[in-house]
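**Student:** Residue-level listing of the chains:
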Amino acid sequence: MTTSEKTVKPVVTRISGPIVTAVGMHEAQMYEVVQVGDLGLVGEVVRLIGDRATIQVYEDTTMVKPGAPVLRTGAPLSVWLGPGLIGNIYDGIQRPLPGIQARSGAWIRRGEKVDSLDKERLWTFEPDARVGETVSAGQAIGHVVETPLVNHLVMTPPDIEGILRSIVGKGEYGLLDTLAVVETSAGPREVTMLQRWPVREPRPILERLRITEPLITGQRIIDTFFPIGKGGAAAIPGGFGTGKTITQHQLAKWSDADIIVFIGCGERGNEMTEVLREFPELKDPRSGRPLMERTILIANTSNMPVAAREVSIYTGITLAEYYRDMGLSVAVFADSTSRWAEALRELAARLEEMPAEEGFPASLPTRLAQFYERGGAVTTLAGKQASVSIVGAVSPPGGDFSEPVTQHTRRFIRCFWALDTELANARHYPSIHWLHSYSEYVEDVGHWWKKEAPNWTELRTQALTILQKEERLQQIVKLVGPDVLPDSQRLILFIAEIMKDGFLAQSAFDENDMYCTPEKQVALLRTMLALHDRGHELIQKGVPLYRIRSLECVPKILRAKAAFGNKELEKMAELDKMVNEEMDALAKEYIKEADLICTPISK
Amino acid sequence: MHTDFEIEDRGLQYVGSSRIEGPLVVVEKVLDAGYDEIVEIIDPTGHSRLGRVLDVSETQAVVQVLEGTTGLSNKAMRTRFLGESFRLPVSHEMLGRVFDGLGRPADGGPPALCADRNDVNGMPINPYARRYPREFIQTGLSAIDGMNALVRGQKLPIFSGNGLPHDRVSAQIVRQARLLEEEVQFSIVFAAMGVKHDVAEFFIRNFRDSGALARAVMFFSLADAPSVERLLTPRVALTLAEHLAFDCGQHVLVLLTDMTNYCESLREVGTARGEIPGRKGYPGYLYSDLASIYERAGRIEGSPGSITQMAILTMPADDISHPVPDLTGYITEGQVVLDRDLFQRGVYPPIAGLPSLSRLMKDGVGEGYTREDHPILASQLFACYAYVKRVRGLADVIGEEELSTLDKQYLRFGEAFETRFLNQGEYENRSIEETLELGWEVLSTLPRDELHRVSDSLLNKYYRESEEGMVCVPAGGASG
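Chains Y and V supply the protein sequences, listed in that same order.
Counting in the working numbering, the first sequence runs without a single skipped number right up to 603 at its last residue.
Counting in the working numbering, the second sequence runs without a single skipped number right up to 1480 at its last residue.
Derived from the structure by calculation, the hints contain no laboratory data.
Heads up, the beta-carbon is just placed ideally off N, CA and C, and yes, glycines get one too.
Don't take every hint at face value.
Only part of the chain V face toward chain Y is listed, based on derived beta-carbon distances under 7 Å [claimed, not checked]:
| hint | residue |
| --- | --- |
| 1 | Gly1034 |
| 2 | Leu1082 |
| 3 | Pro1226 |
The list that follows gives simulated cross-link-like pairs (lysine-lysine, DSBU-like), each with its CA atoms no further than 30 Å apart [stated by the list, open to error]:
| hint | chain 1 | residue 1 | chain 2 | residue 2 |
| --- | --- | --- | --- | --- |
| 4 | V | Lys1029 | Y | Lys556 |
| 5 | Y | Lys478 | Y | Lys384 |
| 6 | Y | Lys571 | V | Lys1461 |
| 7 | V | Lys1389 | Y | Lys500 |
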């Protein structure tokens, strides 16, 4: 260190909550990580004016004083990428919470510094590349089995390509051990299992792809009516108590993505604990392995520092991109993006920025766009097809969807699952409203569904039409009661009721119902629509609705979602048979009656 | 609290200030003051009051005076920075005592003997170290136990309105709350913020009558206390609660009333600082600030104690979308909503059926906790009651006589649900079995086929077939 640098040693000059100003920072870079005060609180440079830097501190700044030292690290906020991420739980700046607990007990003490990944742990590395081979950026040179569900590819970082000079044989290695040397145009570079990547910068890809495959979530209303594609973006807005978190948990549990990144951003501590407790016990419906073996959790609960909440979103998406680069499909769940936006607002206010709508900074839409655009179906640098899907919960104040975060989010997502307070009050979960929600991925994934059911599009449209008609009829019913409606219209009400109870409502806690395969979804819908079609026929023939209502198959259809397992499709077929038989019987009876009462009108 | 000797001993004093505005004082040329440091301010008459640093730079410190700025003067005021953030001396011997909003004895007794002094801001609980709350607390109120069950370590606020009996309901909960198997009683930490003396008096009397006073600690920052003091009161109370729960291993029930007053104080200080206001003038960080209070509840792995939190707040103009209840609902694990309509019809406790919710209920009830049928019974009651609301809307338009037989049965169910299930005496303590039986009793006024959510096996066991249930009897008295 030269003497001139010593004279301008960086020191704190002002503290206002999480925002700290320091002087002597003329060499600092934007978004560089610094350590503030004697405790070494982690912060990030967010504004530079002359030699004065404004620092956003990720920890509580109580008792930091003007004159306290500031230590520069010279690097932007970066995450560690390598085996050991899966199954871990991190705070917003990728400090492992179990590691913090081991050092400071149940409470998160300030200034704790714990490595994001265990440097001591050895992994069994198997090389997949040969010496002399040309390796491109992002190419896998070997792999380790991270968990039974995740084959972790050890890739060259995006800035290393060239001729493989050497590579180690199969064996046990630590994160920092040199596994290979690549001769690049700028000289030899070592490759280890550990990569570091700045969180605010998207990891490079080759190209973006069209979305063609649905992300199957096992939730009927989503998969059948408002599907999200692999690589798509969706928002779940809803007032408090409408079940955003439960819906997010359900999606994180049952989505058929290879890797799940769950970001608890400014939400409840107990909810994260619930995930931690539940995921290791739940089995992935496809592989039968514990869900935790494919899950990474980021927990920055509402009482943890607000600056770390702001960055937690980026931390999560960067981890997702890393696994995407291995050719996997990754799903990111952010609960809730509103808390993140509020963190932006709080920090902007402390920076004395000019506010735009409702005090949010004018950059809010840009920031939201940057986040959602990091998702997508892509070809990776190594030429593999992979995807990052993003599902963001939105918590609009007062459940009012016209507020800025919901409105701006709508511009950057293509799938909108609107949660409804009235449905939630009636304990109809998931409380996704079928008329207020939409998905622009229906066309994109329709082709995939045709493999399940050739007439999927028609089934879906017919079902939605019934629900729409019901809504209109309900307006009339509210005014004059249902009795004045003709039976053909009351049939619509009846079928809609069956669809709501027997299809749209789905229990998150019932063994059979919590996850519904696409096959069973189609089967259930088919049966209900068959009930409608046959019922309609009979009513035309003069059968009163109450007879159809009291058929024995009706309660069976209503309970089929929970009564039959996903693999018992033959029971659904039996049910279909029962519907037909009962309907046939009813038809016969009425044709006979008609014959008895009036002499045949037939010619 | 601070003797003259201590003042002499602590050295550096600043004389004068450059600005006094609302609850804020700006002191110039301050050396070595820290953010959030506690400050002693000596007014011209020699009395001292406490403040804390909100913003500090090399040249000045902005100090928030906790006990009001009345009588302070730019010229004659002296300030001293005490070298630490606000700390509360804590000890289990504080049980049975009454303190002011900053934790100083207010019952004429001496300060409690305390070995520890804890920072009132606390530290965030590591989510990894939390234990998931799942032990059912029986409150003896059917509306809560049956429909919105409370578990140990939960934070469940009561959303009320002016004039509604939230005090009576919360006092009844405090009186009756117990676990099913254990006979352990809750220690009670009570914090009153900006409420009237009568309310404080009501709780003291109630705790005394039920014998709870000896295991209760009370912190009062009443309506006539300086409003800024209220910002620390819940934190002071929770600091003691954390000590009792996690250091002494007790089960603590924290009662905070009224959080709306707390938020008003926060708004007052925010405005005085010239902050950019958010919705309805409340500061943009209201959510984070409330979270720093509400999240101080729960259980910790390896510690026998727990903190269960009940915050009472009055919704201005009964508006549940007002920022205070709205943000509270986003943080807490559900809410118990009191309903003016039920109250006016004489239903006690007037706990609204539909908007009330307990998020942790699903893990604390059912087989192994209460009874196998509990979750599904609650779900079915909610669904049927939601339908009752629709039928009542319809009956208002077309008249009851025009309703279908089934809809009339729903009206009768709604009436039974409100007057028999929800309604109970202020001193009536129902066991969970009684509550569940009552639930089936009112549900059985509906035809069996209507109970879509209940499986056949449970229906066979609990549904009560009755002739009456199948016959149409004109419903009486139930209207929207």
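**Student:** Each hint: holds or not?
**Tutor:** Structure-based check of each hint:
1. Because the beta carbon of Gly1034 (chain V) sits about 4 Å from the nearest beta carbon in chain Y, less than 7 Å, this interface hint is met.
2. Taking 7 Å as the C-beta contact cut-off toward chain Y, the hint placing Leu1082 (chain V) at the interface is violated, the least distance being around 11 Å.
3. Violation of the interface hint for Pro1226 (chain V) is found here, the shortest Cβ-Cβ separation to chain Y being roughly 22 Å, above the 7 Å cut-off.
4. With a C-alpha separation of about 80 Å, the suggested pair Lys1029 (chain V) and Lys556 (chain Y) falls outside the 30 Å cut-off, and the hint is violated.
5. Of the pairs offered as hints, the one joining Lys478 (chain Y) and Lys384 (chain Y) is violated, with about 55 Å between alpha carbons and a cut-off of 30 Å exceeded.
6. Of the supplied pair hints, the one linking Lys571 (chain Y) and Lys1461 (chain V) holds, its CA atoms being roughly 25 Å apart against a limit of 30 Å.
7. For the given pair, Lys1389 (chain V) sits about 18 Å from Lys500 (chain Y) by alpha-carbon distance, which is consistent with the 30 Å threshold.
Checked against the numbered hints listed earlier, the structure breaks hints 2, 3, 4 and 5; every other hint is satisfied.
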